[in-house]
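Number of protein chains: 2
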Amino acid sequence: MTAEERKHRLESYLQEVEFASLEDLSKRVGASISTVRRDLTVLEAAGGLRRTHGGARIISPKSDEFAFSARDTHQLDQKEAIGRACAQLIGSNQSVIIDAGTTVYHVAKYLEDKSPQIVTNSLPVANLYSAAGRVELVLSGGVIYPRLGVLVGPLAVEAFTKIHADVAVMSAGGITLEGVTNSHGLLIDIQLAMMRAAAKVIFCLDHTKFGRRSVSPLCDLSRIHTIVTDSRAPTELVAQLRERNIEVIVAG
Amino acid sequence: MTAEERKHRLESYLQEVEFASLEDLSKRVGASISTVRRDLTVLEAAGGLRRTHGGARIISPKSDEFAFSARDTHQLDQKEAIGRACAQLIGSNQSVIIDAGTTVYHVAKYLEDKSPQIVTNSLPVANLYSAAGRVELVLSGGVIYPRLGVLVGPLAVEAFTKIHADVAVMSAGGITLEGVTNSHGLLIDIQLAMMRAAAKVIFCLDHTKFGRRSVSPLCDLSRIHTIVTDSRAPTELVAQLRERNIEVIVAG
DNA sequence: CATAACGTGAACAGTTTTGACCGATTTCAA
DNA sequence: TTGAAATCGGTCAAAACTGTTCACGTTATG
Numbered sequence: 001m002t003a004e005e006r007k008h009r010l011e012s013y014l015q016e017v018e019f020a021s022l023e024d025l026s027k028r029v030g031a032s033i034s035t036v037r038r039d040l041t042v043l044e045a046a047g048g049l050r051r052t053h054g055g056a057r058i059i060s061p062k063s064d065e066f067a068f069s070a071r072d073t074h075q076l077d078q079k080e081a082i083g084r085a086c087a088q089l090i091g092s093n094q095s096v097i098i099d100a101g102t103t104v105y106h107v108a109k110y111l112e113d114k115s116p117q118i119v120t121n122s123l124p125v126a127n128l129y130s131a132a133g134r135v136e137l138v139l140s141g142g143v144i145y146p147r148l149g150v151l152v153g154p155l156a157v158e159a160f161t162k163i164h165a166d167v168a169v170m171s172a173g174g175i176t177l178e179g180v181t182n183s184h185g186l187l188i189d190i191q192l193a194m195m196r197a198a199a200k201v202i203f204c205l206d207h208t209k210f211g212r213r214s215v216s217p218l219c220d221l222s223r224i225h226t227i228v229t230d231s232r233a234p235t236e237l238v239a240q241l242r243e244r245n246i247e248v249i250v251a252g
Numbered sequence: 001m002t003a004e005e006r007k008h009r010l011e012s013y014l015q016e017v018e019f020a021s022l023e024d025l026s027k028r029v030g031a032s033i034s035t036v037r038r039d040l041t042v043l044e045a046a047g048g049l050r051r052t053h054g055g056a057r058i059i060s061p062k063s064d065e066f067a068f069s070a071r072d073t074h075q076l077d078q079k080e081a082i083g084r085a086c087a088q089l090i091g092s093n094q095s096v097i098i099d100a101g102t103t104v105y106h107v108a109k110y111l112e113d114k115s116p117q118i119v120t121n122s123l124p125v126a127n128l129y130s131a132a133g134r135v136e137l138v139l140s141g142g143v144i145y146p147r148l149g150v151l152v153g154p155l156a157v158e159a160f161t162k163i164h165a166d167v168a169v170m171s172a173g174g175i176t177l178e179g180v181t182n183s184h185g186l187l188i189d190i191q192l193a194m195m196r197a198a199a200k201v202i203f204c205l206d207h208t209k210f211g212r213r214s215v216s217p218l219c220d221l222s223r224i225h226t227i228v229t230d231s232r233a234p235t236e237l238v239a240q241l242r243e244r245n246i247e248v249i250v251a252g
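Going down the list, the sequences are from chains A and B. For the record, in the first sequence the residue sitting at position 227 is 227 according to this note's numbering, with numbers rising by one throughout. For the record, in the second sequence the residue sitting at position 153 is 153 according to this note's numbering, with numbers rising by one throughout.
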């Protein structure tokens with residue numbers, strides 16, 4: 001194996017796992033720790049990754065883990081299911097607004113086949129398709145809210161007031177019969193603009209969001225066309241939502 | 001087997017495997033290491049592949065001249081030097097516009113200590129600081145231009161017309177006494193807006209850009225305050241630029 | 001047929017890369 | 001805070017690799 005190939009492998013392995021120890025990497029490419037250390041120094045200088053004590057971390061991972069890794073990964077299956085189910089609601093060549101959030105991120109993953117036009121303020125979603133070709137992706141401007149990778153601020157709001165889309169795929173912190181709430185006040189204005197810009201509004205909410213109320217009110221139920229959730233959502237609240245003419249899809 | 005046929009087989013084999021060692025290639029075509037080495041030298045000159053220590057790598061279409069690749073170690077030392085030197089020109093807490101491009105990406109890496117406010121249309125730069133905290137980062141909106149990770153289009157232009165910054169750190173495809181040129185027409189409008197928005201305009205240009213002319217004219221020399229380049233820049237052109245009251249910094 | 005031109009493989013001296021070692025530094029837990 | 005363990009960068013000899021040179025056989029050319 002050539003040095004070049006080894007570096008390439010190191011980087012793509014790190015792309016997969018986000019973080020790896022020196023020993024791990026060394027075994028992976030069949031070279032000594034010293035060599036791996038040297039390679040990492042070069043690769044870090046090149047920019048794609050950052051060295052840490054005992055290993056290295058990728059800078060812009062294309063994996064789900066981005067900034068969300070700290071949050072609950074045990075509901076991953078449900079979020080995946082929601083993602084798949086929601087993606088089915090979207091037709092080919094439609095324009096889709098994608099909110100920032102872990103759940104809707106999983107929707108974005110399943111949209112490639114539809115060759116959609118995506119508009120988003122989520123950096124992880126943007127990274128998902130920044131290299132590929134089939135998806136046309138518009139990123140709103142804004143200030144990066146650290147760790148979440150969300151673009152916020154007036155620039156972001158403005159971007160969504162100027163456009164029109166077929167569907168908005170939204171996330172939120174909680175839903176009750178009184179309406180939808182979210183945790184970050186900063187996001188409210190942006191989300192309202194997203195919903196105004198879209199002909200159809202879909203909320204992706206896993207079961208933990210049902211009956212919960214976050215700090216900032218976002219909108220009442222009349223604005224919502226469809227909700228996609230997982231099989232553990234409380235049946236009573238689901239039924240009540242359906243009574244109010246909201247299509248509720250339970251993924252499983 | 002003729003020499004011509006051998007070269008062809010080398011190239012197509014590399015097309016398959018991306019990387020290969022000299023020994024590997026030599027066995028593959030049934031010629032000595034020396035011969036393969038000579039063949040590779042010729043093929044490299046013809047383009048299409050790149051020799052590396054101990055073997056060769058094909059130039060994948062993905063990493064063509066304009067594609068942004070963090071693992072692009074081509075002229076890395078010089079770009080690093082330029083990055084460091086340019087970062088020194090920027091004071092603490094200044095607002096900095098950062099263009100999209102591999103060279104200026106390396107400037108961004110060295111700005112963290114200055115706790116600057118960065119405004120950029122480059123996705124890789126944004127990813128660099130999306131997790132950290134010390135840098136306030138504003139991303140312009142726009143359509144993602146695939147491969148490069150640049151945000152383009154009216155949304156991007158507009159973002160830069162509304163702001164004001166202390167410095168703009170720019171890149172380009174070529175520079176002559178007649179002015180600066182760039183390869184993508186799409187970028188011109190954005191770059192012009194960036195330069196208008198900034199009190200000081202710095203261009204980061206490695207030596208390969210000197211005397212070269214790309215397709216689209218960007219601006220003439222009067223708009224430029226400072227140029228940062230590497231030690232291999234042609235001295236004559238550097239002197240001529242200085243005569244025109246442009247500060248030229250040679251990093252090394 | 002003689003000879004020059006060329007491609008090939010091997011040998012060689014210089015350079016780069018590699019793996020191991022070591023003292024200094026950082027991290028982690030007590 | 002302190003001490004042990006892990007990890008770091010720097011150094012060095014060995015190994016691998018590089019470009020160059022040279023001898024040898026093959027192929028054009030007068």
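Treat the hints as calculated values from the structure; they're not laboratory data. Hints are not guaranteed to be accurate.
Calculated Cβ distances over 10 angstroms to all of chain A for the following chain B residues [to be verified]:
| no. | residue |
| --- | --- |
| 1 | Glu16 |
| 2 | Gln94 |
| 3 | Asp113 |
| 4 | Arg147 |
| 5 | His207 |
| 6 | Glu236 |
EDC-like, lysine to aspartate or glutamate: derived pairs with alpha carbons at most 16 angstroms apart [as the list claims (entries may be wrong)]:
| no. | chain 1 | residue 1 | chain 2 | residue 2 |
| --- | --- | --- | --- | --- |
| 7 | A | Lys27 | A | Glu44 |
| 8 | A | Lys200 | A | Glu158 |
| 9 | B | Lys27 | B | Glu11 |
| 10 | B | Lys109 | A | Glu44 |
| 11 | B | Lys162 | A | Glu158 |
| 12 | A | Lys162 | B | Asp189 |
| 13 | B | Lys162 | B | Asp189 |
| 14 | A | Lys200 | A | Glu236 |
| 15 | B | Lys200 | B | Glu158 |
Backbone N, C-alpha and C define an ideal beta-carbon position, used for all residues, glycine too.
Hints, one by one, checked against the model:
Distance check on Glu16(B): its Cβ is at least 14 angstroms (rounded) from any Cβ of chain A, clearing the 10 angstroms threshold; non-interface status holds. Annotated as non-interface, Gln94(B) keeps its C-beta farther than 10 angstroms from every C-beta of chain A; the closest such distance is 17 angstroms. For Asp113(B), the condition that its CB be more than 10 angstroms from all CB atoms of chain A holds, with the nearest at approximately 15 angstroms. Non-interface status of Arg147(B) relative to chain A is broken: a Cβ of that chain comes within 10 angstroms, the nearest being about 7 angstroms off.
Every Cβ of chain A is farther than 10 angstroms from the Cβ of His207(B); the closest lies at roughly 19 angstroms, confirming the non-interface assignment. The claim that Glu236(B) lies off the interface holds: its Cβ sits roughly 31 angstroms from the closest Cβ of chain A, which is beyond the 10 angstroms cut-off. Of the pairs offered as hints, the one joining Lys27(A) and Glu44(A) is violated, with about 20 angstroms between alpha carbons and a cut-off of 16 angstroms exceeded. Using a Cα cut-off of 16 angstroms, the hinted pair Lys200(A) and Glu158(A) is violated, with the two alpha carbons roughly 20 angstroms apart.
Restraint check: the Cα-Cα separation between Lys27(B) and Glu11(B) comes to about 14 angstroms, which is no more than 16 angstroms; the hinted pair holds. Pair hint Lys109(B) plus Glu44(A) holds up; C-alpha atoms about 10 angstroms apart against a cutoff of 16 angstroms. The straight-line distance between the Cα atoms of Lys162(B) and Glu158(A) is roughly 12 angstroms, inside the 16 angstroms bound, and the hint therefore holds. For the suggested pair Lys162(A) and Asp189(B), the alpha carbons sit about 20 angstroms apart, so the restraint of at most 16 angstroms is broken.
Taking the CA atoms of Lys162(B) and Asp189(B), the gap is about 14 angstroms. The hint holds against a cut of 16 angstroms. For a cut-off of 16 angstroms, the pair hint linking Lys200(A) to Glu236(A) is broken: about 25 angstroms separates their Cα positions. With a C-alpha separation of about 20 angstroms, the suggested pairing of Lys200(B) with Glu158(B) is violated against the 16 angstroms cut-off.
Of the hints listed earlier, those the structure fails to meet are numbers 4, 7, 8, 12, 14 and 15, in rising order.
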